[in-house]
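If you're matching them up, the sequences are chains C and E in order. Letter by letter, the first sequence follows residues 1 to 314 in my numbering. Letter by letter, the second sequence follows residues 315 to 921 in my numbering.
Since the hints were derived computationally from the structure, they do not count as laboratory data. There could be a bad hint or two in this list.
Said to hold, decoys possible - Selected chain C positions facing chain E (Cβ under 8 Å, derived; list incomplete):
#1 D26
#2 N56
#3 P70
#4 G77
#5 A78
#6 R84
#7 A89
#8 V92
#9 N116
#10 I163
#11 E286
#12 W289
#13 R294
#14 L306
#15 M313
As the list claims (entries may be wrong) - Below 30 Å or equal to it, Euclidean Cα-Cα: the simulated BS3-like pairs (lysine-lysine) are:
#16 C:K288 / E:K503
#17 C:K298 / C:K314
#18 E:K919 / E:K866
#19 E:K342 / C:K314
#20 E:K732 / C:K100
#21 C:K314 / E:K471
#22 C:K17 / E:K764
#23 C:K20 / E:K866
#24 E:K732 / C:K288
#25 C:K314 / E:K491
#26 C:K298 / E:K725
#27 E:K764 / C:K21
#28 C:K45 / E:K764
#29 C:K20 / E:K759
#30 E:K759 / C:K49
#31 E:K759 / C:K17
#32 E:K902 / C:K296
#33 C:K314 / E:K725
#34 E:K902 / E:K866
#35 E:K732 / C:K17
#36 C:K45 / C:K240
Small disclaimer: the values here were computed from a predicted structure and weren't measured. Glycine residues also receive a C-beta, built at the ideal position from the N, C-alpha and C atoms.
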Amino acid sequence: MSTALETPVAPVNQPEKLTKKALTADHPTWCPGCGDFAVLASFYKILEKRQLPQENIVTLAGIGCSSRFPYFVNSHGAHFIHGRSIPLASGVSLARPDLKVFVFGGDGDGFSIGGNHLEHGARKNVNLTYVIMDNFVYGLTKKQTSPTSPIGFKTKTDPTGAIDQPVNPMKKLISAGATFIARTHHTQVNHMNAMIERAMEHEGFAVVEVLSECVEFFPGAFDSGNPRKGGEFKVIEEKKHDGTPEDLSRHDVTDESAAYQLADLPFPGVFGVFREVKRPSKNTLEQKWIEASRAKFKNASDLELLQQTFDRMK
Amino acid sequence: MRSLLPPTTVCDESPSSTGNRADLRPQKIRDAIIRLAGNSQDGIQSIGGFLARLAGRSEQEVMTYMTIPSTISGGPSIFQVRIGSGEVLSAGDEADFLVAFYQHSYQDHVVSLREGGILLYDSDNVQPDLSDKRFVYVGVPITGLTVEALGGTAKDKGKNIFVLGLLASIFHLDVDKLKALMRERFASKDESLVNTALMAFQAGYAYPVGNVLNNRYQFEKLEKSGRPQVTMDGNQALAYGLIAAGVRYGAAYPITPWSSIMEVLRSELPKYGGLFVQCEDELAAVSMALGFSYSGHLAITGSSGPGISLKTEAIGWASMAEIPLIIVNVQRGGPSTGLPTNVEQSDLYQAIFGGHGDSPRVVLAPSTVEDCFYIALEAARIARQYSTPVFILSDSALATRIQAFDEPDLKSLMLEAKPDLSPRGVDFRPYPLDQITQHAPPGSKMLGGKYPIVTGLEHDEHGHPTGSPRLHRAMTAKRRTKLQKLAGELPPPQVYGDEEGEALIVGWGSTYGPIHEAVKLGRESGESLSALHLRHLNPLPEGLDKIFKRYKRVIVAELNDEGIYGYGQLATILRARYGDPHIRSFTKTDGLTFRVKEILEAVLKIS
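With these hints in hand, go ahead and build the complete structure from the sequences.
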């Protein structure tokens, strides 16, 4: 007598719970001591905490040391061309509201070759989380001047020291209209976790600049913001709207000119949320238009719609 | 040289002069070429558009040709419409009928009027040389009568519609159908606009043109079986072809003559639940389109030459990462800003070879307005099946040309493509060496637990970066062999004319009409001529060498420069492909489409 055998189920290696182990992919190609390791650890930690469906996480990047990020995260991801990760990510975000879109990159990718896209991604308020690991130098190509290199910094392309005024990332983002803007430091793990997590919760274009040291080509660049190296990590105190006298001097994250003032403080400046405002995302606005268009045509099928158009052309 | 095909083919000799002009029976014609010459703000395009759409509704063949200045407003402009009761292949070399609104319109375009042709001119503005006896002169005070008909405030706006009324009377056009078209056209605007238009039309139609013109004409009725016709321009056909192909997402940046495709898609796609985004620049546009495609929705980006140059790096990524993408290039004259409103086929090399590295991609070229629709369907099919970038090389002649064609059978053609988010098995690899890549879009569960990265770095089968010589060789071959496989699946090209013989004209793109008309006329006058029109330019279909061998001469006719070595772009590629010294080249670079007689003369001259 034959017993009906159940079809053996293929072993499924995907764990129920999203763990750091499940999220770990290739070993990073970064130099030992690179600040980007801390950002990667922070990202694992947040994803572990948030327990997003693994298949809905997307990590995208352009070109640079930090832009290797997607290879090190076990999620869907794409390693794109230099400077264009924001429009790529905008496409993914706009077409697939079910996904959680993360973009990683450096200062060259974001502020130099991709500077225009940063402006327009922010202006359009596309829904995504963008973490910029700013090390003030081009690392992958071995020490050329970056758009954030301070004046006087000696590189292979500025052997007598950089002469061009560096980009002020916070001011650039404020003027472009990014709706969430924060700044943090790779050595301040808890602060960094909090900033990236808040960016992730934000509906709209959310950017976190992480000062992430390049130990190879610009060691000590951010010591002045690191208490363990004798610096000071000054955190922005945000308004609590509790009516107390102390609250008057706290930062209002919806106040644009106050954000500019913070951005103008001398290096290493302050860390925390510069700006957090509500403005409809492009995703929302486009979806509204789609829904209005669908309703206007009474949710006609694709065939009906095109047939109607062709009938008008007869 | 006069047009070889007498453009007003008389097929019914009716009495041409009687005492009473009102009793004139219209002369039956099969074909008429009407050139409207004025300034771009006069609305001559709309007269042409109405005539083209009327022909489409009357089951006639129609083709238009338009030049527009690249200035914002004003400047001389022409619209030529050829209506035929038989097959219309080109917009015609010489006009039978020239409508001149201004002195400069007359001076610049009288050369395009055939001997015996009719010059209809605005006698308020034009003083023709009446001593030139080659033409028939019909002067009508168009400006004055329009102002009179519409009242003072309209000035001479509406004279285009007045002329439409005149033409309706001269050609015995179907007035009810024309009025219906005008109502449709203006209905969305102000009701008074419809009335004004109808008034201007009526004034033109009622004008006693019989006092100055002996003949009236009427197009022969041709019983056409088959589907009703739709009338549109090449850019519209391409846009609706993409919609039929299930393409729901796209991104671009405005540029002439591409922009009208993005305008249509921007308005239309939301109705289908899709989206078209105008980006900050060309780089963002191609990148966003790749984002759409990567997310599982095959996307389209497009531009004209300068914009395609900017997109090139990202298109290389699409080749390397094996992401499907449709790139439309509505070619114009180049290089650099070049001739923004003229036609040229000089971006073939760019489409096939543009960019660094070995980056194979598919290149298709539509031959007619109708083909713009079908090529979009084919491009989408190939892009999806082979996970590859696909170029569609249109050009400014096709973009603005209006043609009527049999309505496509949408029911059997429409595709609704949804991203495949099904879970992928444990052995899923994004870049398998033994298969054509089919990506797992984000949102797809990976049962093996390992999620894929798509990448522009050379990679192994799992998408890991690699510098391995063996893998670079194998992956380069993988990206190439899929297109070789596609070549084997392409339909064998069809020869028009003699199956073997003296000369074969090879063409591609918008020159289909003039080339085929040249072959038709040449054969009618006893020449052994054939034509072969390529829609698939990269990869080429198989079997071309066997066809070429059947002819003494193979002449590739294209609108680009002969280059340093004396051969146009397609000619160079065909010579490199087949090593066949019999392949000759005929090129031109005046920014205008081929005239039928140019092709005939050149082909008969080249030995």
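Hints versus structure:
1. Using the Cβ-Cβ criterion of 8 Å, the hint placing D26 of chain C at the interface with chain E is satisfied: the shortest such distance is roughly 6 Å.
2. Contact between N56 of chain C and chain E, as hinted, is supported at the beta carbon level, the nearest pair being about 6 Å apart and thus within 8 Å.
3. Satisfaction of the interface hint for P70 of chain C is found here, the shortest Cβ-Cβ separation to chain E being roughly 5 Å, below the 8 Å cut-off.
4. Satisfaction of the interface hint for G77 of chain C is found here, the shortest Cβ-Cβ separation to chain E being roughly 5 Å, below the 8 Å cut-off.
5. Given hint, A78 of chain C at the interface with chain E, holds; its Cβ is 5 Å from that chain's nearest Cβ, closer than 8 Å.
6. At about 4 Å, the closest approach between the beta carbon of R84 of chain C and any beta carbon in chain E falls short of 8 Å, and the interface hint on this residue holds.
7. Interface restraint check for A89 of chain C: the shortest CB-CB distance to chain E comes to about 6 Å, inside 8 Å, so the restraint holds.
8. Below 8 Å, beta-carbon pairs count as interface contacts, and V92 of chain C has one with chain E at about 5 Å; its hint therefore holds.
9. Hint on N116 of chain C holds. Least Cβ distance to chain E is approximately 6 Å, under the 8 Å limit.
10. At a threshold of 8 Å, the smallest CB-CB gap from I163 of chain C to chain E is about 28 Å, leaving the interface hint violated.
11. A distance limit of 8 Å between C-beta atoms decides the matter here; for E286 of chain C the minimum to chain E is near 6 Å, and the interface restraint holds.
12. At about 5 Å, the closest approach between the beta carbon of W289 of chain C and any beta carbon in chain E falls short of 8 Å, and the interface hint on this residue holds.
13. With a least beta-carbon distance of about 6 Å to chain E, the hint placing R294 of chain C at the interface is held under the 8 Å criterion.
14. Residue-level restraint check for L306 of chain C holds (minimum Cβ-Cβ distance to chain E is 6 Å; threshold 8 Å).
15. For the restraint placing M313 of chain C at the interface with chain E, the shortest Cβ-Cβ distance is roughly 4 Å, inside the 8 Å limit, so the hint holds.
16. For the suggested pair K288 of chain C and K503 of chain E, the alpha carbons sit about 26 Å apart, so the restraint of at most 30 Å is met.
17. For the proposed pair K298 of chain C and K314 of chain C, the alpha carbon gap of about 23 Å is at most 30 Å, so the pair holds.
18. Only pairs whose Cα atoms come within 30 Å are accepted, and K919 of chain E paired with K866 of chain E is accepted, the gap being roughly 14 Å.
19. Only pairs whose Cα atoms come within 30 Å are accepted, and K342 of chain E paired with K314 of chain C is accepted, the gap being roughly 24 Å.
20. Taking the CA atoms of K732 of chain E and K100 of chain C, the gap is near 19 Å; set against the 30 Å cutoff, the hint holds.
21. Proximity of K314 of chain C to K471 of chain E is assessed by CA-CA distance (about 27 Å); at most 30 Å being required, the pair is judged to hold.
22. For the hint linking K17 of chain C to K764 of chain E, the alpha-carbon distance of about 15 Å falls within 30 Å, and the restraint holds.
23. Pair hint K20 of chain C plus K866 of chain E does not hold up; C-alpha atoms about 71 Å apart against a cutoff of 30 Å.
24. For the given pair, K732 of chain E sits about 21 Å from K288 of chain C by alpha-carbon distance, which is consistent with the 30 Å threshold.
25. A hinted pair counts as satisfied when its Cα atoms are at most 30 Å apart, and K314 of chain C with K491 of chain E qualifies at roughly 11 Å.
26. Proposed proximity of K298 of chain C and K725 of chain E is supported: the alpha carbons are some 20 Å apart, at most 30 Å.
27. Among the hinted pairs, K764 of chain E with K21 of chain C is consistent with the structure: their alpha-carbon atoms are about 12 Å apart, no more than 30 Å.
28. In summary, the hint linking K45 of chain C to K764 of chain E is supported, as the alpha carbons are separated by about 19 Å, within the 30 Å threshold.
29. For the suggested pair K20 of chain C and K759 of chain E, the alpha carbons sit about 18 Å apart, so the restraint of at most 30 Å is met.
30. For a cut-off of 30 Å, the pair hint linking K759 of chain E to K49 of chain C stands: about 20 Å separates their Cα positions.
31. Taken as a hint, the K759 of chain E and K17 of chain C pair is honoured in the structure, with Cα atoms around 14 Å apart against an allowance of 30 Å.
32. For the suggested pair K902 of chain E and K296 of chain C, the alpha carbons sit about 49 Å apart, so the restraint of at most 30 Å is broken.
33. Distance check on the hinted pair: K314 of chain C and K725 of chain E sit about 17 Å apart at the alpha-carbon level, within 30 Å; holds.
34. Pair hint K902 of chain E plus K866 of chain E holds up; C-alpha atoms about 23 Å apart against a cutoff of 30 Å.
35. Between K732 of chain E and K17 of chain C, the direct Cα distance comes to roughly 29 Å. Compliance with the 30 Å bound is thereby established for this hinted pair.
36. Restraint check: the Cα-Cα separation between K45 of chain C and K240 of chain C comes to about 27 Å, which is no more than 30 Å; the hinted pair holds.
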